[in-house]
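2 protein chains.
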Amino acid sequence: MELHVVINGRKDLAGQLYKQLRGAIESGRLAAGMQLPPTRLLAEQLGISRKTISDIYAQLTYENFLIGRVGKGTYVNARPSKFLRKQTASDLACAETVNAWRSLHSPLPDPSLEGTVRRDFVGGATSKGQFPHDEWRRCTQYALRQMQKSVGFYSHPEGLPALRSAIAQHIAFCRGVICQDSDVVVCNGTQQALDVISRVVLEKGSIVAVEDPGYPPARLLFASQGATVVGVPVDKEGLRVDLIPDQTRLIYVTPAHQFPLGMPMSHERRLALLQRAEELGAIIIEDDYDSEFRYEGLPTDSLQSLDERGLVAFVGTFSKTMLPELRLGYAVLPPAISEAVMKAKQFTDWHTSTLPQWALAKFMTDGELQKHIRRCHSIYAGRRERILSRLNGDLSPWLEAIHTTAGFHIAALFKHPIDLKLLIELARKVEVGLYSIEGFFYQETPRSGLLMGFGSIETLDIDPAMDRLRDLLLQMDER
Amino acid sequence: MELHVVINGRKDLAGQLYKQLRGAIESGRLAAGMQLPPTRLLAEQLGISRKTISDIYAQLTYENFLIGRVGKGTYVNARPSKFLRKQTASDLACAETVNAWRSLHSPLPDPSLEGTVRRDFVGGATSKGQFPHDEWRRCTQYALRQMQKSVGFYSHPEGLPALRSAIAQHIAFCRGVICQDSDVVVCNGTQQALDVISRVVLEKGSIVAVEDPGYPPARLLFASQGATVVGVPVDKEGLRVDLIPDQTRLIYVTPAHQFPLGMPMSHERRLALLQRAEELGAIIIEDDYDSEFRYEGLPTDSLQSLDERGLVAFVGTFSKTMLPELRLGYAVLPPAISEAVMKAKQFTDWHTSTLPQWALAKFMTDGELQKHIRRCHSIYAGRRERILSRLNGDLSPWLEAIHTTAGFHIAALFKHPIDLKLLIELARKVEVGLYSIEGFFYQETPRSGLLMGFGSIETLDIDPAMDRLRDLLLQMDER
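Going line by line, the protein sequences match chains A and B.
For what it's worth, this note's numbering labels the leading residue of the first sequence as 1, then goes sequentially.
For what it's worth, this note's numbering labels the leading residue of the second sequence as 1, then goes sequentially.
Note that these hints are calculated values from the structure, not bench results.
Where hints are given, some of them may not hold.
[What the hints assert, rightly or not] From chain A, some residues computed to sit far from chain B (all C-beta separations above 10 Å):
hint, residue
1, ILE48
2, ASN64
3, ARG137
4, LEU395
5, ILE402
6, GLU431
[Unchecked claim] Stretches of chain B that chain A covers, calculated by requiring three or more beta carbons in the stretch to come under 8 Å of a beta carbon on chain A:
hint, stretch
7, 65 to 71
8, 128 to 142
9, 198 to 212
10, 460 to 469
We put the CB at the ideal spot given by N, CA and C, even for glycine.
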């Protein structure tokens, strides 16, 4: 690799090089802090004497473009850079398409805001303190050894065979999902699984039915693909199957732990959903995002295990059991769309990076995932119990918890109207992170309530946080 | 995490559990080789006595469904599984869309075929022997420490700031690309960069101009998004800009090292291309896939560095400088589409896995990438020289090398008609892997030639391989 310099002919080499270096620094192409090549190397590269290059470096150093560090070499000095860029989206033939994307609301929180509140009921965050870093390091070292053995080319588009097999066993064992290794495709989290499935199912104007309230990133993704997204209300048994519109091609549901309200879909509703999908010739995506954590009642069958016709694509993630930033998830595909989805995954990004895939496969086959889930389960169970006992106790004048059996968040609805925006603001001032469920409603009228995640908040912080919440509610009542 | 068992009421617990376990094994839900939970744990989970569970395990073991391993526990015995799945693609409302995906030709080679020929001129594979595994391991350990420090949530959709900054410096330094860190989006290789850019630029029926011959995965990806893909011929100076159709929205080019023929795009042609794109209001994707390796002549400016209007999205990959299976690449986005593409990346898979991102950022800022590229460069230069000297020497009666200045493959055209399929077949029998360029032609009449990659083949294997190639060509002439 060489410093990019263009020399024309052999005339005024020093002058040419000086102007180019200076120009590159002025334009910001050579950024502040970058090291320049040693004079010897640059001399060889350009066929210019080393002395000439030393002189140019000295001149640029004198002019403050460069800075020498004794024994360490020559660096580009700090200096603001600027570029002229004139084209705007409206100049482009694709202006409309680009602007549609730009106007999409971004549902992902700004990562720099995370961890700024001490007692944070944020949803989706996992219990970082419990993560077995030593075991994960050992598995990553195994992954590095596996990569060293590979042939230096692309890997399997559907995922590493070892990981697909580990996933098939994991979900058969703890979620009752019936599948073979070859039905599993490894994706970069749930989001990519949704993307590759919906790509092969939808075209412009296709109808997608989603739960309302529901998971915004799924809805926005389907809309970005040109689909017509219809919100279907939920009740205590889950999705109102009778309200799924005709012509629906794709139905997106969270039966184990409805997002965000939390209730499981009843058995009767599940059977009705399967029948309705069959009538429609529709595909169902079952998003089983956090149901490894189940606290009470008998296990409910996954939709996939009730499906005898091959209508259900079962989607899961390791963002909840492991870490979100790993970006590992999977889909179990019904035969009718399996080949097409595998192709879509391939055209999207060839395959998921092998380094985290190998590490996770080892982590699972060594039984570390089971151990880790068991540890987190007992911690989450304790946190959940604390939150529920407060919601059903001294907070019950204001809030009502929705009954859930799984996952690591609870939704609680306000019994009386409240200025929720103000409450959230006041809570943040006393180091309590609260989150409204309002933004999860789509076409339905939003209900007023809180989504209380307990993945991130420490167990000992829950009671103090609930105390503060109660005090704030009392204060607000008095006004 | 628990074994998924559904118990109804308290009647005949033993019978219920027995039937469910047996059913789960027969259906394959409990796969061969899986370990069953210890009797104590299952007893606790289900509220059944431990003795009852031991009896059931014993019965199932007697029936060969389970197998006990002394001191290790109870496992599911080997047994074929089968599932009834009835729905086919044609039953679905989305049958047409699904079938379009299924019929896509898959351009990715089967990874299990890689490395099966000793002297392999396969393109795209990197020199695995030179990869600095020790340094990469050190950087991965750094990555693990960084992840341990993070808050356990999602990371930045556009990529880790440290990696975006390292990429901006790298391409400014060695490719003359002018950009700021905030213009860079980290993607899972070139393929995802193409996907997220084309998503926000194209809609159904939009015209995309691609080089013909060209890179099939790009063409197929654009087509899968509903675009009308037009092949534009190339000549010695690169893309025939005068033949780019009106209404074109997106132009995909490989100016540094035309894929697959290898010639660089001339300076005049580059300027003409920029002007044409401006007239059209089109976006240009400059795929700079392997131009870190440059062997002769003066560096050509990247299109991006000549672009003063913000028309060019510069796309690069670490598949060629590092390893393809890492799946790391990037795009430098022009302002008009930057925000939209960042959104598309986010909706596609939130962000690229942080583990390889942290490792690569460290690898780059420590100067390891530069060192590695320098090492590979000198090796590739030697291989290239051997191939060219043979093509221009004793193989010149049959083949003519196309002039290239960069990359790690050479295209050679046959001077006379030949049964290329037969040649490839015969070569494989003497452990020489040859690859036709025919499949890279789209709407143009294919020319007969070879794509000779030198990333994978060892330097010392080149002359023996060329000897065999010459002998086969002599033999075929004699027939």
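Each hint, compared with the structure:
1. ILE48: 13 Å, holds
2. ASN64: ASN64 of chain A clear of chain B: closest Cβ-Cβ about 19 Å, beyond 10 Å.
3. ARG137: With a cut-off of 10 Å, ARG137 of chain A comes too close to chain B, as the shortest Cβ separation is near 5 Å.
4. LEU395: Its Cβ never comes within 10 Å of chain B, the nearest being 26 Å, so this holds.
5. ILE402: 23 Å, holds
6. GLU431: Nearest chain B Cβ is 15 Å from GLU431 of chain A, so the label holds.
7. 65 to 71: violated (count 0)
8. 128 to 142: Satisfied; 7 residues make the cut.
9. 198 to 212: holds (count 7)
10. 460 to 469: violated (count 0)
Checked against the numbered hints listed earlier, the structure breaks hints 3, 7, 10; every other hint is satisfied.
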